[in-house]
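Could you build the full structure based on these sequences and the hints that come with them?
One line per chain: the protein sequences are Z, L, R and G, in this order.
Heads up: the first sequence is residues 12 to 289, going by my numbering.
Heads up: the second sequence is residues 12 to 289, going by my numbering.
Heads up: the third sequence is residues 12 to 289, going by my numbering.
Heads up: the fourth sequence is residues 12 to 289, going by my numbering.
One thing to keep in mind: the hints can contain errors.
One copy or two, it doesn't matter: identical chains are merged, so the pair holds either way.
Straight line, CA to CA, 35 Å or less: simulated DSBU-like cross-link-like pairs of lysine-lysine [what the hints assert, rightly or not]:
id, residue 1, residue 2
1, 38, 176
2, 189, 94
3, 263, 103
4, 33, 176
Hints in this document: simulated from the structure, not taken from any laboratory.
Protein chains: 4
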Amino acid sequence: MQTITQTLVKETIKKRATQTHKGSFGKLLIIGGNAQFGGAVILGSSAAVYSGCGLVTTATDPHNFTSLHARLPETMVIDFTDKQTIQTILKKVDGVVIGSGLGETPSSLEILQFVFQNIQANQKLIIDGSAIDLIATHHLVLPQAHIIFTPHEMEWQRLSGIPIKEQSEANNHAAQQKLNATVILKKHHTEVYTNHETYQLLIGGPEMATGGMGDTLAGMVGAFVTQFSDNETKSILSAVYLHSFIADQVGKTQYVVLPHQLIKQIPQTMAQFSNQND
Amino acid sequence: MQTITQTLVKETIKKRATQTHKGSFGKLLIIGGNAQFGGAVILGSSAAVYSGCGLVTTATDPHNFTSLHARLPETMVIDFTDKQTIQTILKKVDGVVIGSGLGETPSSLEILQFVFQNIQANQKLIIDGSAIDLIATHHLVLPQAHIIFTPHEMEWQRLSGIPIKEQSEANNHAAQQKLNATVILKKHHTEVYTNHETYQLLIGGPEMATGGMGDTLAGMVGAFVTQFSDNETKSILSAVYLHSFIADQVGKTQYVVLPHQLIKQIPQTMAQFSNQND
Amino acid sequence: MQTITQTLVKETIKKRATQTHKGSFGKLLIIGGNAQFGGAVILGSSAAVYSGCGLVTTATDPHNFTSLHARLPETMVIDFTDKQTIQTILKKVDGVVIGSGLGETPSSLEILQFVFQNIQANQKLIIDGSAIDLIATHHLVLPQAHIIFTPHEMEWQRLSGIPIKEQSEANNHAAQQKLNATVILKKHHTEVYTNHETYQLLIGGPEMATGGMGDTLAGMVGAFVTQFSDNETKSILSAVYLHSFIADQVGKTQYVVLPHQLIKQIPQTMAQFSNQND
Amino acid sequence: MQTITQTLVKETIKKRATQTHKGSFGKLLIIGGNAQFGGAVILGSSAAVYSGCGLVTTATDPHNFTSLHARLPETMVIDFTDKQTIQTILKKVDGVVIGSGLGETPSSLEILQFVFQNIQANQKLIIDGSAIDLIATHHLVLPQAHIIFTPHEMEWQRLSGIPIKEQSEANNHAAQQKLNATVILKKHHTEVYTNHETYQLLIGGPEMATGGMGDTLAGMVGAFVTQFSDNETKSILSAVYLHSFIADQVGKTQYVVLPHQLIKQIPQTMAQFSNQND
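Spelled out as structure tokens, the structure:
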């Protein structure tokens, strides 16, 4: 396994060119958040916006529109059951994050399948939370796209069939090859499996063990792969690294780091890594 | 009476082990907040999340979902009259906080009784606010569980039958024995009655005399007893201590300390106490 | 005219006694905020809570419940057309603030009249904004209570019949005598007319000239007269003074001071004035 | 082209006179924000209030009322389809900002046309976002008013018919003359075309390339032209300058600057520019 390094992150977060506009930094559709789990999609959308994604649209249960906008006026909202609007937006975006707080009802399944039918081969597709379980339960066939899974160990067990205790590098790698997708296996010392290589994160601590941290990572990954699109693997690894790096920084003075606190530190931390490669 | 000391708190808030995940730090269900008193459950849920509880679900009047998520995306929400979902979640959690802003209508009573019927003997059950009054009014039989009451003096009078002026250590202790539950008697110099001992808090001041402080304590106690589960008494005493400790710190420069201000200081203060026992 | 001095404020904001609870520091009912002007009652309620009022209930249009709780979980909410609940709460509170954003519809008038019928002679009644205009338009008879009006110059013209240009101390005093109420006439160098004396404020600046500042003052006055109830005039003058004092402090570095920014400084500023009279 | 200078901004943001009230600093109606794009009008309204506009009313889809008030209690809200109330308010305001997140449905068009029919020749009318596209699509005739357009390059192409690559100073100036309105052409080095002169902004960077920045500028322009009404061109240029100046300041330590972060810095920055012309 290769270790994810600060050098890699610095190479990825380049200084922005001056002749750019919001469309230059990625357009992302985030789909998730039923009436019970709306917080998940609030966190994911916030993470994407604070990570510098140029334009974020959030497709969620309409019950979440107000709380989302009360926290994040920078996002646009649509009803996640409104297929026509989702289809329109799917044609314009560079990537999709689906699954955080989506739920596992027939309606959740229908939304996921609709995205699978309409995603394009050149788009990024981050699959998180409930969407991973829906795929495992219903044996869904993956679409043609740049797919990135973000399971924790139990979700990975359900998706790959590998029990947690047998989740060795070799077994995980074999399962990743079958999926033909990148896998971010969230755990103490998170591992990232790509088609070519396996990476390990050596930072991050137990101050991160709290609800919503995974949703936050999914939003960051979505923003990074659409914004730093010239190197997909590096953009994924950078999001994974910064997520834990910020938590460790905040965790020096906090017993637990809340996801929304982590999110607010993203712009400053990205600047630090970016400025170092002047 | 024994005095609650900083040493006790430091022994309780241990450094977190690295090989952990959000499930390692307690799963808590918080039930309360009717349409009028929604703020109570917002404060209690926030206190629990900021205290490091791994997973918090808030069962409340649906009118409170949006304001709760606007302040705290890290919690999950359910309708507190949805018995089926409450039952499902009750099977998974380590503890329940019930009563803050619950109200005393027939519907409130029904929710409380449903929890009493479904709580398990090994679970923690923190009973606060309206739930205390409902028990007193309707002479409810307590279920088998690790029960912790958080009354202020008037609520304790109603629950125990002891008039405020006669709430001596001996009388309170006798009443606690009959209840066979821990009692946190909130007052100037709060007292904690357990089956084995009586403790007194010597910190905390009148800057705390404002609405919502009790709801905040209930959420902290819920987070502490499920997170630091190897010593229930110490975890209770630590929550009680920190609640007043933070208020006194903030109160050095504020005439009144708002509960939501206290809550935001919890992660830093827990880190201070934790780091001191390196 | 007497000048309102810092000394007076320091004498008013006494250190809190230790043997107290939230009921010791005033119970206040704030009534206002129709669907259009909900912000007014959010600001007034926030000002009251941050001023240390022990228990605040906000009666408003239900459309405002969520935004209010999203900003201020420390308040309780009721529908301002729910007469039965208003009546119940009116029996328990020490004071009422009515009028900020109330509107001037028949429904607004009905609410105001209901409060006039149910207020008790020993209660404080702060009359602000729309309520002042309703009284002027409908020639309402004032109830027996400790009444405090908070008009700006145009509202005072409508209430007293004195054109702005003729609002001299003598004319204002005569009108105040007829009303038999305290009048806080908001203007550059605000004046306070009581039954016995006239006071003038020599601080406050144009950084305060923005929507919501008056609603904020009404909430502060409500909190001060119920909390520092041993001297009504001094408590009124202290609220008036601190409102402008804080604005001037914040205004040293801001071109305009938003009411919600002023509100957040209240607890610290009260502590400064309180600590100086050790 | 003339460069927009700090000196110009300092001359514009004069110290406020003491004998003033909220009506002295501009009354503004902001119209926009359908259910999907509510964030746009939250940002625009916030920008206007933080820029010192005395009284702001926001006409928007009622679904946005709660999120708006949760962030900004200082604004008043009305339903943007309520023609009667819009008409009443139009008679009182000094200016209107229309278009941010308005959408392009028949209902959006109807609102825009209603404003065009009721605006008065002496009022300022800032036309942003969807409203620009509606004018281009439906070939609307502009009303008599002080009109200011705030297009980005693509919107300008649609409005003027000039392809982005051909948007030279001469071509833009000719199109501006035909429109007989001020045009703020948002781009890297934003340009401002008035009837008499062309101005260029030499500050601002790619940290601003994120959704909501344009809505923020529209709100600032609305506040500046109604507040500093003695010199319309200077007030426009000052808003344009400060918008980018603040972003560049915050951008020194952040990789991306979120619009709501920029907005919170407006009062301090205006004070800096104002104090320098003591």
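From the Cα coordinates, with 35 Å as the cut-off, is the pair residue 263 and residue 103 best called within, between, both, or neither?
between (41 Å within a copy, 31 Å between copies)
What label fits residue 38 with residue 176 when the C-alpha limit is 35 Å: within, between, both, or neither?
Only across copies: residue 38 and residue 176 sit 23 Å apart there, 38 Å inside one copy, limit 35 Å.
Checking an output row: residue 189 and residue 94, CA cutoff 35 Å. Within, between, both or neither?
Classified as within; 30 Å inside a copy, 42 Å across copies.
When no copy is named, should residue 33 and residue 176 be tagged within, between, both, or neither for a Cα gap of at most 35 Å?
between (45 Å within a copy, 18 Å between copies)
Every hint from the earlier list agrees with this structure, and none is contradicted.
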